[in-house]
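A.B. asks: Going by the numbering used here, the first residue of the sequence shown is number 63, and it counts up by one from there.
In short, the hints are calculated from the structure, not lab data.
Each statement offered as a hint is correct.
Heads up, simulated SDA-like pairs for lysine to any residue below, C-alpha to C-alpha not over 25 angstroms straight-line:
1) K119 <-> T100
2) K132 <-> S110
3) K128 <-> M109
Label-pair restraints from in silico Cβ distances:
4) H108 <-> E153: 23 to 31 angstroms
5) K128 <-> H108: 25 to 33 angstroms
6) P117 <-> L86: 17 to 25 angstroms
7) T113 <-> R143: 15 to 23 angstroms
8) T113 <-> A151: 14 to 22 angstroms
9) Q125 <-> P105: 25 to 33 angstroms
10) L107 <-> L86: 13 to 21 angstroms
11) L86 <-> Q125: 17 to 25 angstroms
Every value quoted in this text rests on a predicted model; they were computed, and no experiment measured them.
Cβ coordinates follow ideal geometry from the N, Cα and C atoms, glycine included.
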Amino acid sequence: MSPIPIAGQGTVPAESEAPAIPALIRKVDIAKARVMLTHAPVPSLHMSAMTMYFPVKDPAQLQGLKPGMKVQVVFSEREGRVEVAGIRAEE
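Please take these sequences and the hints and turn them into a complete structure.
C.D. replies: Rendered as structure tokens:
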């Protein structure tokens, strides 16, 4: 598998993460390194579609993102916590 690009900040190894999931940004909180998303189901993590805040692994990924933007999100689970490992705007 090829790496997945992350909002101009490099790549995330595809084999270590869930597949990219479509989502809509509701809020961006750079100070707390989190983003509120409405996302499609994430079968690999047994998550149904929902709207909630998620911590972001690298806060630099949030630069340039705004509410209302459609994005592709890669979620990862670490120590029982789901976080955004990668996020990029849809073209």
